[in-house]
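*Asks:* Each step along the sequence shown adds one to the number in this note's numbering, with nothing skipped, and position 6 is 6.
Calculated directly from the structure, the hints in this document are not laboratory data.
Treat the numbers as computed from the prediction; the structure is a model and nothing was measured.
A hint or two may mislead.
Claimed, not checked - Taking CB as the label site, the calculated pair distances span:
1. 39 <-> 66: 19 to 27 Å
2. 9 <-> 72: 20 to 28 Å
3. 6 <-> 70: 45 to 53 Å
4. 12 <-> 67: 27 to 35 Å
5. 6 <-> 41: 17 to 25 Å
6. 83 <-> 62: 29 to 37 Å
7. 88 <-> 57: 31 to 39 Å
What the hints assert, rightly or not - Straight-line Cα separation of at most 30 Å, BS3-like style, residue types lysine-lysine; simulated pairs:
8. 24 <-> 39
9. 43 <-> 24
10. 24 <-> 9
11. 87 <-> 76
12. 43 <-> 9
13. 39 <-> 9
Glycine residues also receive a C-beta, built at the ideal position from the N, C-alpha and C atoms.
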Amino acid sequence: MISNQVLPKVYTPEQVASMLQLSKNTVYQLINRGDIVAKRIGKVYRIPASSLTFVFTGLDEDIYRAQQEDLQNFAKIEKELSKVRAKMWRK
Numbered sequence: 001m002i003s004n005q006v007l008p009k010v011y012t013p014e015q016v017a018s019m020l021q022l023s024k025n026t027v028y029q030l031i032n033r034g035d036i037v038a039k040r041i042g043k044v045y046r047i048p049a050s051s052l053t054f055v056f057t058g059l060d061e062d063i064y065r066a067q068q069e070d071l072q073n074f075a076k077i078e079k080e081l082s083k084v085r086a087k088m089w090r091k
């Protein structure tokens, strides 16, 4: 057993098919094409939750979170740039 580590949430292809309202065969095709990242353990696949984030956004989970944070901060950045530009034009 793995201790002192938090294992990522994983799903079966059947669970993913249900969540995405796809057939199980379609999920397996997406896995085989590399559109859904999955780990084969013996005869079964396990799909990490982060792989599903990629399916919906085209980005892996860390990049997606960073992008969302950047978008939230964009207004603040624009405001600061406006202040700096105004100061530059006064000189």
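*Asks:* It remains to establish, for every hint, whether it holds in the given structure.
*Replies:* Each hint, compared with the structure:
In this structure, residue 39 and residue 66 meet the distance hint of 19 to 27 Å, their C-beta atoms being roughly 24 Å apart. Range check, residue 9 to residue 72: about 25 Å between beta-carbon atoms, so the 20 to 28 Å window is met. Checked against the given bound of 45 to 53 Å, the beta carbons of residue 6 and residue 70, roughly 26 Å apart, lie outside it. Separated by about 29 Å at the C-beta atoms, residue 12 and residue 67 satisfy the suggested range of 27 to 35 Å.
Between residue 6 and residue 41 the CB atoms are about 18 Å apart, so this pair conforms to the stated range of 17 to 25 Å. For residue 83 paired with residue 62, a C-beta distance near 31 Å keeps the hint of 29 to 37 Å intact. At roughly 37 Å, the beta-carbon separation of residue 88 and residue 57 lies within the given 31 to 39 Å, and the hint holds. For the hint linking residue 24 to residue 39, the alpha-carbon distance of about 16 Å falls within 30 Å, and the restraint holds.
With a CA separation close to 15 Å, the supplied pair residue 43 and residue 24 stays within the 30 Å bound. A hinted pair counts as satisfied when its Cα atoms are at most 30 Å apart, and residue 24 with residue 9 qualifies at roughly 19 Å. Only pairs whose Cα atoms come within 30 Å are accepted, and residue 87 paired with residue 76 is accepted, the gap being roughly 17 Å. For the given pair, residue 43 sits about 19 Å from residue 9 by alpha-carbon distance, which is consistent with the 30 Å threshold.
Of the supplied pair hints, the one linking residue 39 and residue 9 holds, its CA atoms being roughly 13 Å apart against a limit of 30 Å.
Figure legend: structure checked against the earlier numbered hints; the only hint not met is number 3.
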